[in-house]
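*Asks:* So you can see what is in the structure, the chains are spelled out below.
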Amino acid sequence: MESVLASDVGARSSELDITVERGQRAVFCGLTSIVWLHRKIQDAFFLVVGSRTCAHLLQSAAGVMIFSEPRFATAVLEDRDLAGMADCAEEVERVIAQVLARRPNLKTLFLVSSCPSEVIKIDLENIARRYREKSQGSLRVIAYSGSGIETTFTQGEDSCLQNLVPEMPAGTDEQNQLLIVGSLPDIVEDQFMRLFAELGLENVAFFPGRRSETFAAIGPGTRVLLAQPYLGETARALIARGATLLKAPYPLGAEGSLAWFRAAAKSFNIADSLFDETMRAPYERAQRSLEGCKRELEHRRIAFLPDSQLEIPLARFLARECGMIPTEVSTPFYDAMTMAEETPLLPDGIDLFEGQDLDAALDRVKLSRPDLTVCGLGIANPLEAEGLRTKWSIELMFSPIQGFDQAGDLAELFARPLRRKARLEVGSWN
Amino acid sequence: MELTLWTYEGPPHVGAIRVAASMERVHLVLHAPQGDTYADLLFTMIERDGKRPPVTYTTFQARDLGGSTANRFLDTLRAAAERFKPQVLLVGDSCTAELIQDQPGSLASTAGLSMPVIPLEMAAYSRKENWGASETFFQLVAGLLRAAPKPERGERSPSTRPSVNLLGPTKLGFRCRDDILEIESLLNGVGIDVNVVAPLGASPSDLLKIPAADLNVCLYPEVAASSCQWLKREFGMPYVDIVPLGYGATREFLTALAEQLNHPIDVDAIDHCRLPWYSRSIDSTYLTGKRVFIFGDATHAVAAARVASKELGFEVVGLGTYSREQARDVRTAAQALGLKALITNDYLEVEAEVERLGPELVLGTQMERHIAKRLGIGCAVISTPAHVQDYPARYSPQMGFEGANVMFDTWVHPLVMGLEEHLLTMFRDDFEFNDDAVPSHLAEEGGGKRPEEVVVDTPEGIAWAHSAESELKKIPFFVRGKARRNAELFAIEHGLNRIEVETLYEAKAHFSR
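Those protein sequences? They're chains B and H, same order as listed.
Numbered by my numbering, the letters in the first sequence go through residues 498 to 927 in order.
Numbered by my numbering, the letters in the second sequence go through residues 568 to 1080 in order.
Take these hints with a grain of salt, some might be off.
[What the hints assert, rightly or not] Under 10 Å between C-beta atoms, here's a sample of chain H residues computed to sit facing chain B: (1) H580; (2) V581; (3) A606; (4) D631; (5) L632; (6) A715; (7) I1042.
[Claimed, not checked] Computed list of lysine to aspartate or glutamate pairs in EDC-like fashion (alpha-carbon distance at most 20 Å, straight line): (8) H:K618 / B:D854; (9) H:K652 / B:D860; (10) H:K940 / B:E566.
Simulated from the structure, these hints should not be mistaken for lab results.
Given the structure is predicted, the values throughout are model-derived calculations rather than measurements.
For glycine and all other residues, C-beta sits at the position ideal for the given N, C-alpha and C.
Same shape as in the complex, but just chain H:
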C-alpha cells in the first residue's frame, strides 16, 4: 500500500475514458461500482465539455455482488450498444471490477453485438492514467488495423504533397486543442498535409486511414509512443518523436520532417516567432539566471527545461516528473543541467523540494501552482493535471512558434520584470510603497494580502545580529530569502556563529563570483 495524499494521475480507466471521450463514434462500457461516475465531471467541469463522455457504467452495488454482476454487465452492454450505436465498443473494468473477475471482454464476445468490441485490460493496481490512455489508444489502433491490408511504402511521387498523422492529443491533455490547430497550420504552411489527427476528433474509420500517411508525428509520447512504435513495426511507417515545444524544438521538428519526408522546408522563411527577439531585448536581461523549478509530465517537463535554460536564460534549479514510465528522459535532461531529477508521486516531496530550493518561478502542474501560491512564488502551469483555468477560452497553444510566444509571455508574467525591479528598489522606503504592499505580479494569484514570508529555520549554532537582520529587511522581498540562505551558508562554510552586516556583504560577494 502506498500512502497517497494527492495524486498526479488518475487510475488507468480514466485514461481509457479520455481516449473514448476524445473520439467520435466510440463508446466505452465500464464495469464499475456506483461512485466511479465521478470521472464525468473531469470532462464536463474541468474541460467544460458540453456532453457527457461516451461511457456507460454498470454502477453495481453490494446487492449485485452475489453473482449477478456479470448479468448486469451484459444488460448494460446491450442497452449501450442499442442506444449509442457506436462504430466500436470498448469494454473494460475499473479497479473494483477487476477484482470481481467477470471478464467483460469474454462476456462481450458472447453478446452477439453487431459492432466490433475491443476489450481493455487496465491493470488498475500497478498502472495509472497516462498508461491507460496509451494502452487504450494502442488497442484501438492495433485492434482496427491488425487485419488491414499493408500498403506498399514506395517513393512518394514528386507531384503529391506529403502527409502525416498527428498522434496523441486527447481530452484533458495540456492545451491539445490549440496545439493541434497550431501544428496543422504550421504544416499546411510548409506544404505538408495532415492525414489523421487521433485520438482527438477521430472516429474508428479515421483510424483505418492512418497507414495512408507517409509518416506519424508522435506529438504526445505519453499517449502515442506505443502506437507509433507498433505502426513502424507492422506498417513500416516512420515516426518523428521530436516534440515541437519551444522555439528550437519547433525548428528541429520541421527539419526532421523535411529530412524524413524528403521534402524541402525553408524553416527561416516561415519562422515568425517573437520569442528570440523578446528574449534578446534588453528588458529581458533581468531574466538572466532567474531560478526556476520545473515539474510535470515527462514531455512537458523536459521541454520546459530546455526553453527555460536555453531560450529564456533562466537557471533551472530543479527538474522532475511524476511519470515513472518516462523517467529516463527526465533524468537525462536533468543530468545535462547538472541536476538530479526528482521522480516522485508524492506532492509533499515536491513541496519540500520547492521550499528547500527557494526558486523565483515554479513551472508545474495544478499541484505546484498550489505549492507556489502557498510559498508566495510566481508560477505558470505547463502540464497536466490542470484545473479549469488552464483550459482557457483564448487561443493558447504550447507547441509551434506561437506556442513559444505563449510560453514566453506566460512564464515571464509572474516574474518581476526589468524596469519594475529598479522601481521596487527605488521606492522600497516610500511610505506608500513598501514591502508589505502586494507586488503587482502576485496580486492576481494571492488576492489582497502578501503571503507569509517563508522563513526556513536558521541553522543551529548561527545567530543573526540585530543590525544584520535590519539590513536584510532592506533587501527587496523577492530576493530576501535567497540572501538569507546565502548568508547562513556562508557562515557555516566559514565557521562563523554570528551573522553581522559585514557577513551579509561578504556572502554577497562570495556567491556572486
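Just chain B, same shape as in the assembly:
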C-alpha cells in the first residue's frame, strides 16, 4: 500500500502562501464545543460563567434538543455582579452549590470562562482551586476559557483538554503508551481500538476518555497521535510533559486513515507485513465505499469558509480521494505544527486564507460560484438563496466521519447536496 506521509511525497513549498484576513468573522466561539464535549465526557458538568448570550448560543447551536436536563448550564451575570454589589467568587460558589444540589454525584465540574467573565476578570482558576481545596478532592473543578475573545469554535475543546493535561499522572520512561487525542464518537473509538489490538498495540488510551475520573499517565514513553486537527495547545502541553507527538495526517478518508495508523505502527515498530495484513481489508472497504460518491464529486469545485479547523484535512481528502477541486480553503487560524503533514498534500492552485473578512469572502464565493461551499449555519441558506449549493459545517463535528468505515459517510455528506440539486424540479439552483 502506498504511503501518503507528507515526508514521502514531493513537499509543497515550505514557504506557505496564506493570506491573513482580520475582518468580520462568522464563526462560533469556543463555548460551542461544550455541545459535543458534554456528550463525550458524560460524568462531567460544564458551567459557563457568562451572559444570557452564552446560554442562548449554547441552546441555539445545540438545536434546542431538550430531552432531559442538560449537563451544561450558564451562570448568567446580572447588574449586581457587575456593579460590585455581589462578590463574584461567592456567586460562582453559590451557583456551583445549586448545580451540585441537582447532581450530588458529580465528579468533574468545568468552570468555563466567557467573553464577559474574562473582560471583567473573574478569576475562575482561583475559584476552581479554592473549591477543590474546600471539597477535599471529592469534586474535580477545572477552569478553562471558551470565550470568543480567546477561542473559536473547536478551540474550545483544545482549551478544555489543555487544562486537563495537569490532571494526568506522571508516567514512567518505560511505559510505552499510545495516546489518541481529540474527542471521537464512541463508535469510532471502538473501531480504532479493534484495529490497534490487531496490530498488537494494547496500551492505547483516548483523551478525553469517556469518564472524567480516569486519566492516562503521561511521560516520556507516551506517543501522542492527534485524532483532531485543532488541538495544537493540548499537543504542546503534552509535549511539555515529555510526550512525543507523532507526525501524521488526520484519519479522514481511506488514505488519511491508513497514514494515521501507519504513523502509530512505525513508532511502535510494527512489522510491515502485520500492518499491511491488518489494514488491507478496512482500507479496501473504505476505498470501495468511496466509489459511488466519487462519481458525483469528481471535478466539482469546492470552497471552504473558515469554521472548524477541519478545512485543510477535508480539502485534502476531497481532492485526493474524491477528485474534487478545492478553490478556496479558509481556516480560522493556521497552526503550522498541527498542519505539518496535511498542507503539503493539498493540490496546487488553492487560495489559502487564515482568519476571515466575511463580506469579502462572500463576494469571492459569489464570483467564483463553486459547486459546493462549506460554511457555518448562519450563512448556508443565504448562499443557497443565491443559487449556490452548501454543506453546513457543524454537521462535520456532530457526525462520525473519522476512520476507514466512515470514509463513505464523509463523502456522502458532500455528495448529498449535489444529489439533491440533481433531483429537485422546484425552484432553481444555478
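Using the hints, position chain H against chain B.
*Replies:* Quick look at chain H alone, frame taken from chain B:
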C-alpha cells in the same frame, strides 16, 4: 448570577437584530466579540431566511482589547455604511462590548456619516430579547418622528376610508407573516386601509408615514406597546390594544376599531369563522373539561387561556409566562380562572409544574413541546421561542377568524377525539390493539414507541392492593395517571392506607361530583 439551563429569551441585542432584520434599508452595526454572530442562524435556519440579517459585527478578539476596539468599531461602521448604504444605521453593543464602554453611539456621531445614526442602549445584564426588540423599535420610531411635523388630528371626512397602522410584527415572532396577511384582509373587508405595517417589511421612510393613519393597532404588545404609548402622547394617535387572537377577541377587536374610528362595521356579516360551530358540534363534547396547561409570552398565553376555556371548553389547570415585564396581565388572567400564575424563566420549574398537574394538553413554547414529549402529553406550540417546524410553509395565522380556525385544529389534533375515545375503550382488550400500541395522536410526535408512563411516586403510607393495580390498568392510558392521583388523593383525605378496587371507584364518584 442566575443559574440558567435553557433560556426562553435571548439577550436584548437579539431583539435589536430582530427589528433590524424585519425592516428594509436599516443596518445594525453591533460591537460584539467573535462568536456573537451565532445570532444569524436564528434567522437563516429557524425562519429559513434567504438573506443574512442586516448586521455587521465587529467580532473583536483578545488582541484587540488593548485599546484598539474603538478603532475597530469605527472601521467596521464606515465599511458597513459604505457597503450597505442604509437609510438609517443602528449602532449598539452586545453584552461584552457593553463592559468595554467604547460607547458606539458617541463614536458613530463623530464618524461623519451621511445617514442618520440611532444609538441603542441594550442593558444586557438586566434585560432580555423582547425588551430589546421593543426598545429598538421605539428608538427608531421616536428617533425618526421626534422632529417630524405633527399633523392636525381633526375629524376624518366621511368620504375617506379610515386607515390604521399595524405595529409590532417581527422576524422570529410567532406566525407574524400570516397574522399580518389575515388582519390586512380582515380590515380590507370592512373598509379600513392599512397605512403602515412595522417593523416587518417597513423601511425608515415608511415609519415617517405612521402619523398619517387614524389609529395604531398594537398587534404585538411585547414589541409595540412603548411605541404606541409614545405616539399617543406625542401625536395624539389613539391605539387599540385588543389583540385579535381567538374568536371572541377578533370580534371585540373589530368592534373597538369601529368605535374608535367612528366607522360602522357589521361584524356578523363578515364573521365566517368555523370555530363556533366546530366547538358546538357533538364530537367536541369530548373536549369538555380537558385539562390544559398554558405557558408562553404574555400575549399568547393570556389569549390561549381565553380561547381554551371559553371557546373550546377546556379546563385551564395552569397558566404562566416567562415574561416578567408583562406578568401582571397573566396574573390577572390566571386569577379569573381561579389559578395562581406561574411567572418564571426556569424551564425546570415549568416542567415540574406540568408533571405535577398532569394535563391532557400542553400549549406552550418550543421548551414545553419538549417537556410534553418527554411526559407523553399532547402539545401545540402557541408562542415563541419556537423552532423551525413552527415556521410552516402553509398559511397558518393565529390572529383573526382564520387564526381561530387554525387554533381549533391545532389544539384539538393532539387530543383523543370523541368517537376515538369510545373506540379506545371498546378495543382496549383486543389482542392487536392494546395499551402498548402507540395512539395515533402521539405517533407523529413520539415515533414508534409509547413514551414511558410517568408514575409519580405513591405518597408515603399508602399502598395499592394488587387487585386495584390491575383494575387501574383497565383504564385507558390517557386518563390512568389522573385516576391514580385521584385515588391517592382520596385515600389521603379519608385516612386510608390501602387502595382497594372499591377505593378506586369511591374516588371516581367523589371527584366527579
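*Asks:* For every hint, state whether the structure bears it out.
*Replies:* So, going through the hints one by one against the coordinates:
no., hint, in the structure
1, H580, "8 Å, holds"
2, V581, "7 Å, holds"
3, A606, "8 Å, holds"
4, D631, "8 Å, holds"
5, L632, "7 Å, holds"
6, A715, "33 Å, violated"
7, I1042, "28 Å, violated"
8, H:K618 / B:D854, "18 Å, holds"
9, H:K652 / B:D860, "17 Å, holds"
10, H:K940 / B:E566, "14 Å, holds"
In terms of the numbered hints stated before, the structure departs from hints 6 and 7, listed from lowest to highest.
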